[in-house]
Amino acid sequence: MAERAQPIRATAGIGAALLVAALILGTLAAVALRAETGSGLATSDWSALRFTLTQASLSALLSVGLAIPVARALARRRFAGRRLLIALLGAPFILPVIVAILGLLAVFGRAGWLSVLLGLFGLEPVQIYGLHGVVLAHVFFNLPLATRLILQGWQEIPAERFRLAAQLDAGPLAMWRLLEVPMLRRVAPGALAVVFAICLSSFAVALTLGGGPRATTIELAIYQAFRFDFDLGRAALLSGLQLVLTGAAALVALRVSTGEGFGAGLDRAVQRWDGKSTLARGLDAGWILLAAAFLLLPLAAIVLAGLPGLATLKGSVWQAAGNSVLVAALSTALLLVLALPMAAAAAAGRGRLAELSGILGLAASPLVIGTGLFIVIYPFASPFALALPVTALVNAVMALPFAMRILAPRAQEVLGRYGRLSLSLDMRGWHFVRHVYLPRMRAQTGFAAGLAAALSMGDLGVVALFADPEFATLPLQIYRLMGAYRMEAAAAAALLLLALSMGAFWILDRGGRWHAET
Amino acid sequence: MLKLENCRILNGGYAVEANLEIRTGSCTAVIGPSGAGKSTLVEAIAGFLPLTRGEIRWQGADMAGQPPGKRPVAMLFQDGNLFPHLSAAQNVGLGLRASLRLSDADWQKVEAALTRVGLSGMGARKPAALSGGQQSRVALARVLVQGRDILLLDEPFAALGPALKAEMLDLVAELARESGATVLMVSHEPADARRIADQVVLVAEGRAHPPQPTTELLDNPPPALKAYLG
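Chain order of the listed sequences is A and B. For the first sequence, position 454 matches number 767 in this note's numbering, and the numbering has no gaps at all. For the second sequence, position 127 matches number 1294 in this note's numbering, and the numbering has no gaps at all.
Calculated from the structure, these hints are not laboratory results. Don't take each hint at face value.
[To be verified] Cβ-Cβ distance ranges computed for the label pairs, FRET-style: (1) A:Pro471 with B:Ala1326: 26 to 36 Å; (2) A:Glu726 with B:Glu1341: 43 to 53 Å; (3) B:Pro1251 with A:Trp743: 12 to 22 Å; (4) A:Arg568 with B:Pro1389: 46 to 56 Å; (5) A:Ser695 with B:Gly1232: 48 to 58 Å; (6) B:Asp1273 with A:Trp819: 37 to 47 Å; (7) B:Leu1267 with A:Arg396: 38 to 48 Å; (8) A:Trp743 with B:Gly1285: 41 to 51 Å.
[Stated by the list, open to error] One side only, chain A facing chain B, incomplete, derived with CB under 7 Å: (9) Leu643; (10) Asp739; (11) His744; (12) Val746.
Because the structure is a prediction, the values reported are computed rather than measured. Where a beta carbon is used, it is the ideal one built from N, C-alpha and C, also for glycine.
Chain A with its partners taken away, still in its complex shape (with noise of 0.2 Å):
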């Protein structure tokens, strides 16, 4: 069949989406021709395989395990405030590692609150660092997009089925078995192997909580590599070996995955005639409110210890953070000049184009590029110089696969809905891109926006492998501090680092839908 003529073409997208490709497989061919054949992998390379393996599988596995009840409590039950816990946990999504990793000392460190609690029955303090701290945090993390991908699965159980099996006077174990199970084994798997792939590429979470030969992932051995030893030839090879490792990932969660766990309609209770009995509500009320306390005290940890501190804060944070703000404005503007094209390319016929830019933004890790990049400035200009623009880059690569979710249906539909009366005006083009696409666009390029500015704002990756000690983002700063013992002042910036993260989302995402007509 011809396609239907458009009035915008693909030629501009297809351009950014070859630059983005050109960057992610750039720079890999940089880091491969740099690494030494031969050489292989030491034995500090196999154990920090093995530890990205298991933490990953570990993270997956907990994650979605404790999804399931508190997925299935939220589904059933309604209570005051079911909306804004499902709203929160979309949060974690744009909340800063670094700030997140913060709040989890706080309440599970040696002097946290648990090990306070803990100390009062004459118990030990808990021990954060080292596997378990690296799989808590990523459990923070990915439970509640856990929650949310399965949460979904159950609102798309037809209200039908759940009339059918009350009419049939179907038990709970029957319940389970005719409708839950069908659907988790649906939908678990994606949920599983999303979690799998983001965990094979943690830095941030490695670095502050794990080290050691014994709890080092392979992003982190690339940055050690790198930083320590500036063995370009074995960070090149752990690049190669982390990519492969990814990009299977990847290609696994995009197969087995059903659903992108920000859609909307999350927040619709299904009317169900099961789980009346006290101990089905007080089990899911248990959930629910574990699940909630699990991340809100984190949260609430952060800002009690940082309040005190936030007057006091010193100039080289508040450097730190304009350097933030910079970094974060520069890649949000990279991100829409790439994905606006690259949507209506994807829309005026070209969808392969999101669905291959979606692979290689999950399949590549942050560092591998960062690593490429340094080798690739190297010969020509001092790599720490650029960690500004560098890092701006990165970040909105990074944010590329889920600016193309929220943009690709959007533009489709746009296109879709006025294409025909713009070509019959003949407004095509520039004229089209002017008076009808971002017009249109408007709400899904301000939450995109938004997503892109918090997640970079946020980003503590390729900065620590480019910046000299005289430059500094916010969470670079906050982990410097840390690393001096100097919590206070880490958690003063810290919520100073999450309230520039959320303001960036909060006003673009606002911004985006401010006065759009439907």
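Starting from the known structure of chain A, arrange chain B on it as the hints suggest.
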């Protein structure tokens, strides 16, 4: 004269064939069962669907190869005829210049067109602040300023109530009479055809039949039409 010579239009899985002539200045209803290809026929004339065979000529000139916006055709769709983020006046102004860079004289034309369709002084309103009938009038005002020779209607008033729809059809007939435009209107209601169309093109079983006078055809329907009318 609008001439469809030996045309074959492919739309996804099915094809529609047409070999017919439409008189300049006439008002023709395109009628037939749903899925028979009524919209396919007008979309081909508008240039949204390519021909796999044959030619479409307007006043002797082949339209093939001309993009939709360059054809002497204005079209109203089933829905989405207005951009919700643009004011009524801007929506009309697009008919003059897609860049919306309009001179004062252009804006006066826009205001005159709005006045002609009964929306004097409402140019600043966004579509959401207008009723369904008023929205249709804005779209018609745009057709007016476009000043194209052929007007294609793909059931743009289907969502309106019967009285309002009749009012819109009468307005279309009036405007077409004033400008001398040739109108082709897709409809599944014989009553619409009787109201303003002087002839009917029946589309059934993958064929668009040559036009026949409305009353004659509807009073003595051939078997294909009879099956549809019931």
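These are the hints, each one checked on the structure:
For Pro471 (chain A) paired with Ala1326 (chain B), a C-beta distance near 29 Å keeps the hint of 26 to 36 Å intact. Checked against the given bound of 43 to 53 Å, the beta carbons of Glu726 (chain A) and Glu1341 (chain B), roughly 35 Å apart, lie outside it. At roughly 21 Å, the beta-carbon separation of Pro1251 (chain B) and Trp743 (chain A) lies within the given 12 to 22 Å, and the hint holds. For Arg568 (chain A) paired with Pro1389 (chain B), a C-beta distance near 54 Å keeps the hint of 46 to 56 Å intact.
At about 56 Å, the beta-carbon gap between Ser695 (chain A) and Gly1232 (chain B) stays in the expected band of 48 to 58 Å. For the hinted restraint 37 to 47 Å between Asp1273 (chain B) and Trp819 (chain A), the CB-CB distance of approximately 41 Å keeps it satisfied. In this structure the supplied range 38 to 48 Å holds for Leu1267 (chain B) paired with Arg396 (chain A), their Cβ-Cβ distance being about 41 Å. The supplied range of 41 to 51 Å is broken by Trp743 (chain A) and Gly1285 (chain B), whose beta-carbon atoms lie about 34 Å from each other.
Taking 7 Å as the C-beta contact cut-off toward chain B, the hint placing Leu643 (chain A) at the interface is violated, the least distance being around 28 Å. The interface hint given for Asp739 (chain A) is met, as the beta carbon of that residue sits about 2 Å from the closest beta carbon of chain B, less than 7 Å. For His744 (chain A), the suggested interface contact is upheld, since its CB lies about 5 Å from the closest CB of chain B, less than 7 Å. Evaluation of the Val746 (chain A) hint against chain B yields a violated restraint, the C-beta minimum of about 12 Å exceeding 7 Å.
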